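Q: Read off the chains here:
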Amino acid sequence: MTAIIETNELGKQYGRKWALRDCTLAIPEGKVVGLVGPNGAGKTTLLHLAVGLLRASVGSITVLGGRPDDGPAQLAKIGFVAQDTPTYARLSVAKHLRMGAYLHKGWDNELAKHRIDQLDLDPRQKAGSLSGGQRAQLALTLAVATRPELLLLDEPVASLDPLARREFLQSLMEIVANDGVSVLLSSHLVADLERVCDYLIILIASHVQLSGEMTELLGSHWRLTGPRRDPASLPSDQEVIEESHTDKQSTFLVCTNQPILDPAWAVKPVTLEDLVLAYMSNPRRPVHVRAAGLGVVR
Amino acid sequence: MIEFQLDTASGVATYLQLVQQVRQALQLGLLEPGDQLPTAQQVVAKLAINPNTVLKAYRDLEREGLVRPRPGQGTFIVGTLPRTDPATQARFLSSMTEWLGSARSSGLGPDDIEAIYRTAVRNCFAEGVA
Chain S
68 MTAIIETNEL GKQYGRKWAL RDCTLAIPEG KVVGLVGPNG AGKTTLLHLA VGLLRASVGS
128 ITVLGGRPDD GPAQLAKIGF VAQDTPTYAR LSVAKHLRMG AYLHKGWDNE LAKHRIDQLD
188 LDPRQKAGSL SGGQRAQLAL TLAVATRPEL LLLDEPVASL DPLARREFLQ SLMEIVANDG
248 VSVLLSSHLV ADLERVCDYL IILIASHVQL SGEMTELLGS HWRLTGPRRD PASLPSDQEV
308 IEESHTDKQS TFLVCTNQPI LDPAWAVKPV TLEDLVLAYM SNPRRPVHVR AAGLGVVR
Chain F
218 MIEFQLDTAS GVATYLQLVQ QVRQALQLGL LEPGDQLPTA QQVVAKLAIN PNTVLKAYRD
278 LEREGLVRPR PGQGTFIVGT LPRTDPATQA RFLSSMTEWL GSARSSGLGP DDIEAIYRTA
338 VRNCFAEGVA
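Quick mapping for you: the protein sequence lines, in order, are chains S and F.
If you want the working numbering, it's the 1-based position in the first sequence plus 67.
If you want the working numbering, it's the 1-based position in the second sequence plus 217.
It should be emphasised that the hints constitute simulated quantities derived from the structure, not laboratory data.
Watch out, some of these pointers could steer you wrong.
[What the hints assert, rightly or not] Partner residues are not named here, just some residues of chain S that face chain F (Cβ under 7 Å, in silico):
#: 1; residue: P95
#: 2; residue: V99
#: 3; residue: R233
#: 4; residue: L236
#: 5; residue: D265
[Said to hold, decoys possible] Sample of chain S residues with no beta-carbon within 10 Å of chain F, all distances over it, derived:
#: 6; residue: S124
#: 7; residue: T129
#: 8; residue: P139
#: 9; residue: K162
#: 10; residue: E216
#: 11; residue: A225
#: 12; residue: E241
#: 13; residue: A244
#: 14; residue: N245
#: 15; residue: E261
#: 16; residue: R262
#: 17; residue: L301
#: 18; residue: P302
#: 19; residue: H312
#: 20; residue: A333
#: 21; residue: S348
[As the list claims (entries may be wrong)] In the DSS-like style, the derived pairs of lysine-lysine whose C-alpha atoms are separated by at most 30 Å in a straight line are:
#: 22; chain 1: F; residue 1: K263; chain 2: S; residue 2: K144
#: 23; chain 1: S; residue 1: K144; chain 2: S; residue 2: K162
#: 24; chain 1: F; residue 1: K273; chain 2: S; residue 2: K335
#: 25; chain 1: F; residue 1: K263; chain 2: S; residue 2: K180
#: 26; chain 1: F; residue 1: K273; chain 2: S; residue 2: K144
#: 27; chain 1: S; residue 1: K144; chain 2: S; residue 2: K172
Note that the coordinates shown come from a computational prediction; the quantities given were computed from them, not determined experimentally.
Positions of the beta carbon are idealized from the N, C-alpha and C atoms, including for glycine.
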């Protein structure tokens, strides 16, 4: 697995407070990677460290083989769309493109113009009067027209209505299909991640709780419902991620690669949302996932 | 050309939904050898799903011998799916009906029966995979 982003005990400290601490992870190349986690887990800090907007207090981070502060050549490899997809309110759409062309050596003006046409944006319109969805699309256009190898997006669709969100993700997926760019996308909207991502990382308090291919993660987690049972009595290949009990009934969310043969259980597949919530509500539980290619950090 | 739909509430993996829809279209005669499947770009633009998911589905279909990619052109149907022999279907329907009758007279309701059926399917096919 070639990593596009690799961190080793990475940390960022503000005064006495750590925004990110002891974060070690590897993000594979050529994928659309979803980064989820509760507020304050360090997702935005991690993205800002990756593009050099912040400098690490401790530890190391490598992005596409280089260090984020390696200079313009390093930054040219990365397209970044910050939280809430910021644009310059008083600049027109056309001026955004001119600015992009002026600031970026590898700027692809054809691509930028084509996307603006496709989106039906009026080049003379000021960004401040665009709708939220249009503004997000403009920000994405600016990031993509720099022809990056890696696109980083911080909560790009959080503030958009469902239609604008869908359109934004359609655009993003078309870009991935056409250019084969790697994407790292942070989001709380798990249902969207399930559609667009093929790799998922759950980050809680700076630590990777779970990471792996989306299909493998979904194919190795099940919800079991049946008569009350002690979790210790489950087969050793079934790792309990979450459990709840009444006096008569037990419900487990387990991780396993073996078929679940016990006829006492009603077995159901889990949605990505179930999975993410289970890991987010039980962060200290040690997790092993034995599927080939699944990387789980304890 | 067929158009894919996505059922996000089904719990079935997205690539599998695409595979199933192609298989169904073949069984129903909506797709025949020589027909083209939508390109990954077209599917992605409509469903907002990851292009790798589409490619994975097409690879699965290729492994089954149902489709073949033509470089620079797209993915085309090359195989057919035989319809299940009506006599075989009838035979299993009659033994299933008999089984259901005996389950019902033992006091099992539709929910119990469905739970048993799902467990049996899972066990049966999980063993084949493992």
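Q: Decide, hint by hint, whether the structure agrees.
A: Quick rundown of the hints versus the structure:
no. : hint             : in the structure
1   : P95              : violated, 12 Å
2   : V99              : holds, 5 Å
3   : R233             : holds, 6 Å
4   : L236             : holds, 4 Å
5   : D265             : holds, 5 Å
6   : S124             : holds, 35 Å
7   : T129             : holds, 24 Å
8   : P139             : holds, 30 Å
9   : K162             : holds, 28 Å
10  : E216             : holds, 17 Å
11  : A225             : holds, 16 Å
12  : E241             : violated, 5 Å
13  : A244             : violated, 4 Å
14  : N245             : violated, 7 Å
15  : E261             : violated, 7 Å
16  : R262             : violated, 5 Å
17  : L301             : holds, 17 Å
18  : P302             : holds, 14 Å
19  : H312             : holds, 21 Å
20  : A333             : violated, 6 Å
21  : S348             : holds, 21 Å
22  : F:K263 to S:K144 : holds, 29 Å
23  : S:K144 to S:K162 : holds, 23 Å
24  : F:K273 to S:K335 : holds, 24 Å
25  : F:K263 to S:K180 : holds, 22 Å
26  : F:K273 to S:K144 : holds, 27 Å
27  : S:K144 to S:K172 : holds, 11 Å
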